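**Q** As a plain string of letters, each chain reads:
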Amino acid sequence: MAQPTDSFKQFHYGLRPSKQVERKIMIEVLHRLSKAGYDISDYIYLGFGSVYYVDFLMFHKYLFINSMVCVERSNVEKRMRFNKPYKFIKLKMGALFNYIPNIRRTKKHLVWLDYDRSLDQEMLQDIDGCLNRLAPQSIFVITIDARPKLSKDLFEFDIEDMAAEDREKLTVEKYQEWFGGYVEEEITLDTIARKQVAPLFYEAVVERIRQTLSRRSGGLRFSQIFNCIYQNGAPMFTIGGIIGTEEDKEALRKCGILEHKFVRTSSECLKISVPPLTIREKYWLDSKLDDKLTAAKLQFELEEELLDNYRKFYKEYPTYMESLL
Amino acid sequence: MDQIEYPQPAKAHPSKAFFIDMLTKDIGLSDCVLDLVDNSIHSLITKTNLDVSEHLLAGTKAKKINALIDIAFTPSKVSVQDDCGGISIDDAAEQIFLLGKPVEDRAHTGLGVFGVGMKRAFFKIGRQISIASHTIDEEWKIDINVDDWEKIDEWNFPFTYARKKKSGTGGTLVGVSKLYPTVSEHFASKTFKKILVEKISRVYPLFLKAGLKIKVNDDDATADIPELAESKDLRTVRQLIKKDGVDILIMAGLSPAGDRKPRGWYVFCNGRLVLDADKTDRTAWGTDSYPAFHAKYNHFLGYVYFRSKDVRKLPWKTTKDGVDQESPIYQAALAEMRLLTRPVLSFLNDLYSDVKEQSEPEHALFRGAMPIDPQKIASRNNTVFEAKVRKESDDDLVSIQYKRPKKKIKKIIEVLGKYMSASRIGEHTFDWFYDRNCK
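Protein sequences, first through last, are from chains G and U.
First residue of the first sequence: 2, per the working numbering; consecutive thereafter.
First residue of the second sequence: 52, per the working numbering; consecutive thereafter.
I should point out that these hints are in silico values taken from the structure, not numbers from a laboratory.
Hints are supplied without guarantee of correctness; some may be wrong.
[What the hints assert, rightly or not] Derived pair list, reagent style DSS-like, types lysine-lysine, alpha-carbon separation capped at 25 Å: (1) U:Lys-347 - G:Lys-175; (2) U:Lys-245 - G:Lys-79; (3) U:Lys-454 - G:Lys-153; (4) G:Lys-109 - U:Lys-439; (5) U:Lys-283 - G:Lys-93; (6) U:Lys-260 - U:Lys-245; (7) G:Lys-153 - U:Lys-283; (8) G:Lys-91 - U:Lys-442.
Keep in mind it's a predicted model, so treat the numbers as computed, not measured.
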């Protein structure tokens, strides 16, 4: 059984700029959902907070959610309890599959399964379990590492010890077994030769969601709103949307949310990439930024592409400063 | 284009040969006998309002039933006799013999669904059939010679007699003779009786526990329902779902350590077993990203009880030896079965992990659990599977680190015949020594 990779030991989750941009994008889009009648503040948030609880802090402060469940699989119960920022957050130690049977069918949820490993069979089961239980108009988001990488904890031997060639063969074999039933094209060594396989994972996740919802009664479908990818360190890929009926989808269409610049309703993804900037550069850019600003007009060196990226996400760009507390 | 005029609409009438020879191919002989038993139990349910599933869910005891279904067979004839209330002349004339059930009974949690079982059963068994029944105030009999009936156009069976007659109880006797040679061979076999008794014991445990007696050539069937294993730290999942007029009760956990039979899922409709120790995709094994059945899951034991007075909503098949997988009710149950049992499978994965030392706490928990009748779990409030494993704390463990030549490691891998990392080899060889010399 796959164990968490404990990536929180390597990064402080609040300090990954692309991740922070992603969180802010989610908040911005979820706010807009109020136009379609969604009152997100009444939702239950279910997520993997890790010892930093960044998503919990932000969703409480900016989405005003007061009912939250944090699932944590790593063996760090004391740290989790010590760091829990609010009393109302319910901490559930153990794997997500132990918690899924407790999801109340009648309560709307915002679920963000923010994994730090690549797609595997267990995640597909998590998706199936959640989508079977979540009430209509719940929001389901999943983030996965987009690299074709087998989690080493799935095997009794250390796959890092294997020759690269053998490991690739094993990956293809496992991917065929896990995803073969969900994707159209055959999975080969070429498929996994790419640095990232977000399109493969996208297809598998979307098909898993479709199969689960199509067998639930009530004409439920998945109205995708998020599809983004970012890279700082590992390329991370996110897909999210609303579980609802055809009428719910129509309501989304009518309120214009599907045209929002950060919303993606198809396999084409939003690339989140923000340049590392000094605080002085950021403020200068903010004060001058419009559609006409080009790299040539800047007082410092920044590639045109990076400028464009900044222009897209300037509002969500995080600023970090050291502080003595 | 010239229009061709047909004098009459295209013909679509049924053929007797289809009912006598073809439909009977879909079902085995023992299942046919069970169809006759279903028929008797259905009478009992409609006469007494018996609802074994309701009692199961409520944890109450059904009023003790005093009824007997007596099956007797020889190589030349078979009979099923019951005292389950009998069939009225009206019902015999208007309903019982229709091939296919047009009237929907929504008043009882019965076993009669399609109106095909009894007829298919006697056509399958032989060519001379007699059905006699009496209620407390009338009696009737119908004899069917299949050879003669096949030749005539009428789709009915004349009464041999039908009259008023007072009687203390009601009952029905179905008898078939002029058996088909293959049927006769089965009835002559020494094992058929044993197989039938065992099957009846598994298919009708709730009815048998409620007091119904079923005899096969004088041997009694006794309720056979596998037990679950529980302790205060090992709890079975129990969920009751109500959907579209159907109650779905799901229970799952482990069979006791001493139970050597590979288990799986047991699925019941209105108290009658339709899937027996299932380990196939019919109960989600190996589908939807869930694991296929494997020897390490032998102790997995799950129950699903469907209950409804609207019997057509239940996921039966006409042969009652499987489920209608497309049925929305069954799909809803499957989705729950999958998500509720992941913790059970995860526990079994840990229990039979390759690293033996690590799974010792799981084994201790499993061995310490006691057998419990699933009926005791059925009436609880909804709970999820819980296995409180007491893992050794790091304080009880010591790490060992040492160096050995790569060549020797390679040699060990060769001897083991499977790949292991160097650290696993260290653990494996340590365990090997300990098991042989220190236990």
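**Q** Give a verdict on every hint.
**A** Structure-based check of all given hints:
Restraint check for Lys-347 of chain U and Lys-175 of chain G: the C-alpha separation of about 20 Å stays at or below 25 Å, so the hint holds. Among the hinted pairs, Lys-245 of chain U with Lys-79 of chain G is inconsistent with the structure: their alpha-carbon atoms are about 59 Å apart, more than 25 Å. Restraint check: the Cα-Cα separation between Lys-454 of chain U and Lys-153 of chain G comes to about 23 Å, which is no more than 25 Å; the hinted pair holds. At most 25 Å may separate the alpha-carbon atoms for a hinted pair to count; Lys-109 of chain G and Lys-439 of chain U exceed this at roughly 30 Å.
Taking the CA atoms of Lys-283 of chain U and Lys-93 of chain G, the gap is about 20 Å. The hint holds against a cut of 25 Å. About 20 Å separates the Cα atoms of Lys-260 of chain U and Lys-245 of chain U, which keeps this hinted pair within 25 Å; it holds. In summary, the hint linking Lys-153 of chain G to Lys-283 of chain U is not supported, as the alpha carbons are separated by about 34 Å, beyond the 25 Å threshold. Restraint check: the Cα-Cα separation between Lys-91 of chain G and Lys-442 of chain U comes to about 24 Å, which is no more than 25 Å; the hinted pair holds.
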